[in-house]
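Peer 1: Going down the list, the protein sequences come from chains A and B.
Under the numbering used here, the letters of the first sequence match residues 85 to 409, in that order.
Under the numbering used here, the letters of the second sequence match residues 165 to 479, in that order.
If you are wondering where the hints come from, they were derived from the structure by calculation, not from laboratory data.
Ideal Cβ positions, reconstructed from N, Cα and C, are used throughout, including at glycine.
Heads up, a few of these hints could be off.
Unchecked claim - Now the in silico label distances, taken between C-beta atoms and shown as ranges: (1) G145(A) / H448(B): 52 to 60 Å; (2) E291(B) / R285(A): 56 to 64 Å; (3) D279(B) / D379(A): 20 to 28 Å; (4) L359(B) / G362(A): 39 to 47 Å; (5) E291(B) / R153(A): 57 to 65 Å; (6) L389(A) / P179(B): 57 to 65 Å.
As the list claims (entries may be wrong) - Rough simulated footprint, nothing fancy, chain B against chain A, three-plus residues with beta-carbon under 8 Å: (7) 238-244; (8) 322-332.
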Amino acid sequence: MGALLDIDRLAVALPGPRGPLPILHDVSLTVGEGELVGIAGESGCGKSITAQTVLGLLPPGATVTGSARFDGTELLNLDRKGWQRVRGAGIAMVFQDPSAALHPMLTVGRQLTEHMRVHLGVDRKAAKRRAIDLLDQVRLPDPERALDAYPHQFSGGMRQRVAIASALAAQPRLLIADEPTTALDVTVQAGILGLLDRLRRETGLAVAFITHDLGVLSALTARSYVFYAGRVVENGPTGALLTEPRHPYTAALLGARPHGGQSTATLTPIPGGPPAPGELPPGCAFSPRCTHVRDDCRTAVPPLLQAGPARETACVIRPELEAAA
Amino acid sequence: MTLLEIDGVHVEHKPRGRDAVRAVVGVDLSVAPGQIVGLVGESGCGKSSLARVAAGLTPPSAGEVRYAGRPVTPLGWRRRAADQIGLQMVFQNPYASLNPRRAVGEQLLDGVPADVTGAARRNRIPELLERVGMPASAATRYPHQFSGGQRQRLAIARALAPQPRVIIADEPVTALDASSQAQVVNLLVGLVRELEMGMLFISHDLALVHEIADVTAVMYLGKIVETAPTRQLWAEPRHPYTRALIDAVPRISATPTLPTTLAGEVPDPANAPAGCRFAPRCPHAFDRCAEAPPTVQIGAGSVACWLNVPQPVHQ
Numbered sequence: 085m086g087a088l089l090d091i092d093r094l095a096v097a098l099p100g101p102r103g104p105l106p107i108l109h110d111v112s113l114t115v116g117e118g119e120l121v122g123i124a125g126e127s128g129c130g131k132s133i134t135a136q137t138v139l140g141l142l143p144p145g146a147t148v149t150g151s152a153r154f155d156g157t158e159l160l161n162l163d164r165k166g167w168q169r170v171r172g173a174g175i176a177m178v179f180q181d182p183s184a185a186l187h188p189m190l191t192v193g194r195q196l197t198e199h200m201r202v203h204l205g206v207d208r209k210a211a212k213r214r215a216i217d218l219l220d221q222v223r224l225p226d227p228e229r230a231l232d233a234y235p236h237q238f239s240g241g242m243r244q245r246v247a248i249a250s251a252l253a254a255q256p257r258l259l260i261a262d263e264p265t266t267a268l269d270v271t272v273q274a275g276i277l278g279l280l281d282r283l284r285r286e287t288g289l290a291v292a293f294i295t296h297d298l299g300v301l302s303a304l305t306a307r308s309y310v311f312y313a314g315r316v317v318e319n320g321p322t323g324a325l326l327t328e329p330r331h332p333y334t335a336a337l338l339g340a341r342p343h344g345g346q347s348t349a350t351l352t353p354i355p356g357g358p359p360a361p362g363e364l365p366p367g368c369a370f371s372p373r374c375t376h377v378r379d380d381c382r383t384a385v386p387p388l389l390q391a392g393p394a395r396e397t398a399c400v401i402r403p404e405l406e407a408a409a
Numbered sequence: 165m166t167l168l169e170i171d172g173v174h175v176e177h178k179p180r181g182r183d184a185v186r187a188v189v190g191v192d193l194s195v196a197p198g199q200i201v202g203l204v205g206e207s208g209c210g211k212s213s214l215a216r217v218a219a220g221l222t223p224p225s226a227g228e229v230r231y232a233g234r235p236v237t238p239l240g241w242r243r244r245a246a247d248q249i250g251l252q253m254v255f256q257n258p259y260a261s262l263n264p265r266r267a268v269g270e271q272l273l274d275g276v277p278a279d280v281t282g283a284a285r286r287n288r289i290p291e292l293l294e295r296v297g298m299p300a301s302a303a304t305r306y307p308h309q310f311s312g313g314q315r316q317r318l319a320i321a322r323a324l325a326p327q328p329r330v331i332i333a334d335e336p337v338t339a340l341d342a343s344s345q346a347q348v349v350n351l352l353v354g355l356v357r358e359l360e361m362g363m364l365f366i367s368h369d370l371a372l373v374h375e376i377a378d379v380t381a382v383m384y385l386g387k388i389v390e391t392a393p394t395r396q397l398w399a400e401p402r403h404p405y406t407r408a409l410i411d412a413v414p415r416i417s418a419t420p421t422l423p424t425t426l427a428g429e430v431p432d433p434a435n436a437p438a439g440c441r442f443a444p445r446c447p448h449a450f451d452r453c454a455e456a457p458p459t460v461q462i463g464a465g466s467v468a469c470w471l472n473v474p475q476p477v478h479q
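Make the full structure from the sequences, and use the hints.
Peer 2: Structure, rendered in structure tokens:
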């Protein structure tokens, strides 16, 4: 299997006041060349920590086991030099808040061309040409003038497009996008989803798209992983996963979102909240909030098992749920 | 009967050394008891400016807001007049709308009218907490001891303390996770239905407004471009901007498609286009759009778009 990104049984613990706090448990995930993969779940479920691990951005003192390979290179024991080669030109990242990703006191042109000169070794002129080309690709109006502008002179949606252009500057093969459209209006979001899809088709860019918006997941991604309390609880082709969820948590997330009912508050909230790391209940972490819970859910963590074509789910009662459907 | 009437309201912001920005340009909107009016639009369209005027937090530069028939007087640093105490607001950020240094129960009591005294006053705290689905023990705790969703419920309890008849909710669930979003939305809708309150629900989340609002108003660059009963608005949007907003919402489906992109950017409100403000981005724009379109009534809704003016009026 030659996936571009191959995460295998990854576990991460962060230092806590009372010893290491396990955050990720046994996460396996792949992103193929030119593939758009979705990662979904509530805040604090481990989506962003997974991204940080892959970029070597975990805080000091974190303990990591398992493996994360990018194009065959093991990322978990890279040194400084190694990371410099991977970041930017191999894996790039776009964050939720574009103002945090852009330097407020440097012009957009400077921020875009810096990566190129470091990673691609091109001269100033060529870098400028490519920067204009990139801004044009992300459909920023008047790219030439934008090069001399500062980030604050753009609206939120335009800033996010600049941040994406900057992430793409060194021609990465994998883009990790962590809730890049959450703070944006639907109209601007539509533009950015279209842009990512076009880049995938035209340049073979692979994208791991982290979101809690299942509509975005459906519209954009081919395959998805649903995270809960630091584990993958379900994965598979996005269309099938969202129309016929096999894990009660995926089903509950779908029920909690608006689906076009009428004025009767038909949203079905998931009772309670996700458990804090280090306070996981025994057995299945979702069991305290699950409407289908039974005794054996509380005895052991259910393993991810095959659940239909190219699908896996971690739920002991799955066969019965399917029979009932 | 309407409880809250927004009548020809204009809002101007005057940044120092720059031209005045007309954030809200002649908006009419009304909220009846037991009714949820949804207000949607992109960021920067003037939704929050309108909300602040509607709640009497800032004065309009022209026009008037009436609550229960009386003009709402802007607050400044004064307390709210007794006859306007029934107009309350819930803000987007529950971290900022509660005082971090005071216990929850004490803050709830701030909202209880002064003529409620003694045991009746003390009993309000557990009543309010129960209304929003929080345990009575929350009264002695501090805001930081709660999650975002719980905090928003406490902020709602605070808004409910004076027994309001109208609540203005400005993006009340935007900062929350999917599951607590559903909890808070259900709470607000339940309160409106049960207590016959009116609610102006402001959000950029169209799917959510579709779910809960009886009437939806769509705002673009300071103007309301379309208002209609929610079901009608979604089934038959009359304004091209409404159509564009609806088409931009990503949907779950077994055969998904990317949402449709609307061309162009929202113009700077400081130099809004003359005529129809949406015309530069509108796929249907034609010569008439150089002139500002009139608002025409269509069935239970109204729309400001030349496409809906049947006969071009000459002269």
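Peer 1: Work down the list of hints and note, for each, if the structure agrees.
Peer 2: Evaluation of the provided hints:
1. Restraint check, G145(A) to H448(B): a C-beta distance of roughly 59 Å satisfies the suggested window 52 to 60 Å.
2. Between E291(B) and R285(A) the CB atoms are about 58 Å apart, so this pair conforms to the stated range of 56 to 64 Å.
3. The supplied range of 20 to 28 Å is broken by D279(B) and D379(A), whose beta-carbon atoms lie about 55 Å from each other.
4. Checked against the given bound of 39 to 47 Å, the beta carbons of L359(B) and G362(A), roughly 41 Å apart, stay inside it.
5. The hinted range of 57 to 65 Å is satisfied by E291(B) and R153(A), whose Cβ atoms lie roughly 58 Å apart.
6. Here the CB-CB span from L389(A) to P179(B) is close to 60 Å, well matched to the stated 57 to 65 Å.
7. For the region 238-244 of chain A, the proposed coverage by chain B is satisfied: 4 residues have a C-beta within less than 8 Å of a C-beta in that chain, meeting the threshold of three.
8. Beta-carbon proximity to chain B at under 8 Å applies to 5 residues in the region 322-332 of chain A; the threshold of 3 is reached and the given coverage holds.
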